[in-house]
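Q: Turn these sequences into a full structure, and let the hints steer you where they fit.
Protein chains: 2
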Amino acid sequence: MVRVLGVDPGLTRCGLGVVDGGRGRSVSAVAVGVARTPPEDELPLRLRAVADEVERWMDRHRPEVVAIERVFSQHNVRTVMGTAQVSGVVALLAARRGLPVAFHTPSEVKAAISGSGRADKKQVTIMITKILGLAEAPKPADAADALALAVCHLWRAPMADRLAQAEARAAELARNHRARLKAAAKATGARDARS
Amino acid sequence: MVRVLGVDPGLTRCGLGVVDGGRGRSVSAVAVGVARTPPEDELPLRLRAVADEVERWMDRHRPEVVAIERVFSQHNVRTVMGTAQVSGVVALLAARRGLPVAFHTPSEVKAAISGSGRADKKQVTIMITKILGLAEAPKPADAADALALAVCHLWRAPMADRLAQAEARAAELARNHRARLKAAAKATGARDARS
Numbered sequence: 253m254v255r256v257l258g259v260d261p262g263l264t265r266c267g268l269g270v271v272d273g274g275r276g277r278s279v280s281a282v283a284v285g286v287a288r289t290p291p292e293d294e295l296p297l298r299l300r301a302v303a304d305e306v307e308r309w310m311d312r313h314r315p316e317v318v319a320i321e322r323v324f325s326q327h328n329v330r331t332v333m334g335t336a337q338v339s340g341v342v343a344l345l346a347a348r349r350g351l352p353v354a355f356h357t358p359s360e361v362k363a364a365i366s367g368s369g370r371a372d373k374k375q376v377t378i379m380i381t382k383i384l385g386l387a388e389a390p391k392p393a394d395a396a397d398a399l400a401l402a403v404c405h406l407w408r409a410p411m412a413d414r415l416a417q418a419e420a421r422a423a424e425l426a427r428n429h430r431a432r433l434k435a436a437a438k439a440t441g442a443r444d445a446r447s
Numbered sequence: 253m254v255r256v257l258g259v260d261p262g263l264t265r266c267g268l269g270v271v272d273g274g275r276g277r278s279v280s281a282v283a284v285g286v287a288r289t290p291p292e293d294e295l296p297l298r299l300r301a302v303a304d305e306v307e308r309w310m311d312r313h314r315p316e317v318v319a320i321e322r323v324f325s326q327h328n329v330r331t332v333m334g335t336a337q338v339s340g341v342v343a344l345l346a347a348r349r350g351l352p353v354a355f356h357t358p359s360e361v362k363a364a365i366s367g368s369g370r371a372d373k374k375q376v377t378i379m380i381t382k383i384l385g386l387a388e389a390p391k392p393a394d395a396a397d398a399l400a401l402a403v404c405h406l407w408r409a410p411m412a413d414r415l416a417q418a419e420a421r422a423a424e425l426a427r428n429h430r431a432r433l434k435a436a437a438k439a440t441g442a443r444d445a446r447s
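Note that the protein sequences, when read in sequence, are chains A and B.
Per our numbering, the very first residue in the first sequence carries number 253; after that it's consecutive.
Per our numbering, the very first residue in the second sequence carries number 253; after that it's consecutive.
Honestly, the hints are just simulated from the structure, not real lab data.
Keep in mind that a hint or two might mislead.
[Unchecked claim] Partial list, computed: chain A residues near chain B (C-beta under 10 Å):
| id | residue |
| --- | --- |
| 1 | P296 |
| 2 | V302 |
| 3 | A303 |
| 4 | F324 |
| 5 | M333 |
| 6 | G334 |
| 7 | A343 |
| 8 | L345 |
| 9 | V353 |
| 10 | F355 |
[Said to hold, decoys possible] Listed next, with one range per pair, are the computed distances between beta-carbon atoms:
| id | chain 1 | residue 1 | chain 2 | residue 2 | range |
| --- | --- | --- | --- | --- | --- |
| 11 | A | T264 | B | E419 | 23 to 33 Å |
| 12 | A | P352 | B | G385 | 45 to 55 Å |
| 13 | B | T264 | A | N428 | 36 to 46 Å |
| 14 | B | D311 | A | H429 | 50 to 60 Å |
| 15 | B | V254 | A | R314 | 34 to 44 Å |
| 16 | A | G385 | B | E419 | 54 to 64 Å |
We treat Cβ as the ideally placed atom computed from N, Cα and C, and that holds for glycine.
A: Rendered as structure tokens:
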């Protein structure tokens with residue numbers, strides 16, 4: 253079992269979702285919510301408030317991995333800056349606890365959850381509610397997104413791991429092959445020297 | 253005397269400069285340098301490395317204020333995200349130590365140091381070297397920028413403070429004036445009732 257903390261970074265609302273992943277594609281929701289900070293507060297205080305809440309979630313739920321939504325700057329400039337700052341803060345907190353951090357783009361999350369990279373927020377919420385067998389849809393959308401991010405990570409990670417293992421195995425085979433060639437060349441050389 | 257830590261945020265090079273401000277416009281450099289992280293490292297590790305170095309500077313130099321360059325997203329998208337993430341991390345570290353944080357834009361810094369918001373990096377380096385009476389120009393430019401940011405904060409802060417005081421005094425006068433008008437109206441009313 254792997255426990256993932258999904259984080260949809262934001263200053264006004266930071267989505268938080270904890271999901272356990274079991275064998276195959278089995279997943280179950282552990283906790284979901286949002287950290288909110290008042291827009292009228294100063295930025296450093298808002299970052300501290302979000303950081304404190306994220307750390308409370310880390311203490312309470314002991315995730316083994318943190319999955320964060322990758323921020324793009326296409327959108328509103330002001331919002332993106334705050335979002336980037338929160339994502340940096342969350343990555344720092346995870347790194348300081350020795351937790352691995354993975355970033356997933358919104359379209360990766362949508363594709364993993366709904367099969368389409370272009371699903372809208374509503375569809376993602378409907379799908380994640382179904383996938384996790386929740387009695388009702390998580391609200392607000394940021395909370396649902398955080399759960400979707402965690403599930404996306406669980407469903408993508410085995411694929412990424414298998415790929416990494418396959419590459420490592422291929423590299424080992426290549427190494428062994430080279431070593432055998434060398435040994436063969438040496439043996440031939442020795443035989444040649446004897447002859 | 254006020255001690256300011258200026259931070260020019262960045263992942264590859266984060267400029268750090270400590271400046272003491274005395275009476276009037278007197279300023280003196282305490283320390284200058286950069287925190288560097290290798291671009292091939294993963295983002296969370298890079299953020300942690302910068303954060304650790306910034307905290308070592310805070311421990312060693314005990315600044316009373318932290319001045320951070322305000323990030324804009326006009327520039328290269330990839331770089332800006334990293335810069336925003338570092339600025340968020342530094343603001344968090346300051347907030348967790350109870351240190352006030354101020355953000356200044358690059359043009360505020362240029363205007364404060366050189367008298368022109370459109371001075372180039374080279375001019376800022378030359379001016380800050382002169383202002384702080386340094387034997388040689390701080391290198392790289394990020395280090396010079398961090399010092400310039402700290403000086404900008406020291407030279408702008410008294411103005412900002414005076415403005416805040418003047419506004420508070422004006423508000424108090426307006427309050428008193430309204431109270432006197434109310435009292436006068438009441439007295440007139442009482443006299444009218446008697447007559």
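Q: Hints first: check each against the structure and report whether it holds.
A: Each hint tested on the structure:
{"no.": "1", "hint": "P296", "result": "holds, 4 Å"}
{"no.": "2", "hint": "V302", "result": "holds, 9 Å"}
{"no.": "3", "hint": "A303", "result": "holds, 5 Å"}
{"no.": "4", "hint": "F324", "result": "holds, 8 Å"}
{"no.": "5", "hint": "M333", "result": "holds, 5 Å"}
{"no.": "6", "hint": "G334", "result": "holds, 8 Å"}
{"no.": "7", "hint": "A343", "result": "holds, 4 Å"}
{"no.": "8", "hint": "L345", "result": "holds, 9 Å"}
{"no.": "9", "hint": "V353", "result": "holds, 4 Å"}
{"no.": "10", "hint": "F355", "result": "holds, 8 Å"}
{"no.": "11", "hint": "T264(A) with E419(B): 23 to 33 Å", "result": "holds, 28 Å"}
{"no.": "12", "hint": "P352(A) with G385(B): 45 to 55 Å", "result": "holds, 48 Å"}
{"no.": "13", "hint": "T264(B) with N428(A): 36 to 46 Å", "result": "holds, 38 Å"}
{"no.": "14", "hint": "D311(B) with H429(A): 50 to 60 Å", "result": "holds, 53 Å"}
{"no.": "15", "hint": "V254(B) with R314(A): 34 to 44 Å", "result": "holds, 42 Å"}
{"no.": "16", "hint": "G385(A) with E419(B): 54 to 64 Å", "result": "holds, 57 Å"}
Going through the hint list in order, the structure satisfies each hint without exception.
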